[in-house]
Amino acid sequence: MNQQEQSTKRAAIFQDTINGTNDPTPWPVTMWASSGDTIWTAGTARTAGEDSVGMIYGPGETIVHRNTIAGDTTRATESFAIRPADGQSPMDAMLAGIEQWNTAIPTGGTP
1 MNQQEQSTKR AAIFQDTING TNDPTPWPVT MWASSGDTIW TAGTARTAGE
51 DSVGMIYGPG ETIVHRNTIA GDTTRATESF AIRPADGQSP MDAMLAGIEQ
101 WNTAIPTGGT P
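Residue numbers (UniProt numbering): 1 to 111.
Careful, some of the hints might be misleading.
What the hints assert, rightly or not - Label pairs and their in silico Cβ distance ranges:
id	residue 1	residue 2	range
1	Asp86	Glu5	44 to 50 Å
2	Gln6	Glu61	18 to 24 Å
3	Asp16	Gly54	36 to 42 Å
4	Gln4	Ala85	38 to 44 Å
5	Gln6	Pro26	29 to 35 Å
6	Ser52	Asp86	29 to 35 Å
7	Ser7	Asp86	35 to 41 Å
Derived by calculation from the structure, the hints in this document are not laboratory data. Backbone N, C-alpha and C define an ideal beta-carbon position, used for all residues, glycine too.
Throw the hints in and build the complete structure from the sequences for me.
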């Protein structure tokens, strides 16, 4: 597979994750960010529960999942909650959390 084919495949896998096709959450993705072969997705929990990597959350919490490419899909490898500071946007809080927990500087967006 050449470089262009690899980039196209990675973009398709990330798009599936953003659209919730292979994201392990019961709620829609409202924010995302990526760096290399990692994509972080975030959404707001509707009810209390536990995610696929063991994160316990409550209703209304915004949970971020770190997803890494595993073959033709992504796999959630860790998660954390974000709590925006006064005046901070949820997107900025997510990017700051990624930088803190994963020492990565991702680019991001909303679906």
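Status of each hint after checking the structure:
1. Asp86 with Glu5: 44 to 50 Å: Since the Cβ atoms of Asp86 and Glu5 sit about 46 Å apart, the hinted range of 44 to 50 Å holds.
2. Gln6 with Glu61: 18 to 24 Å: Since Gln6 and Glu61 have Cβ atoms about 35 Å apart, the given range 18 to 24 Å is violated.
3. Asp16 with Gly54: 36 to 42 Å: At 23 Å between Cβs, range violated.
4. Gln4 with Ala85: 38 to 44 Å: At 41 Å between Cβs, range holds.
5. Gln6 with Pro26: 29 to 35 Å: holds, 31 Å
6. Ser52 with Asp86: 29 to 35 Å: holds, 32 Å
7. Ser7 with Asp86: 35 to 41 Å: holds, 40 Å
Violated hints for the displayed structure, listed by number in ascending order: 2 and 3.
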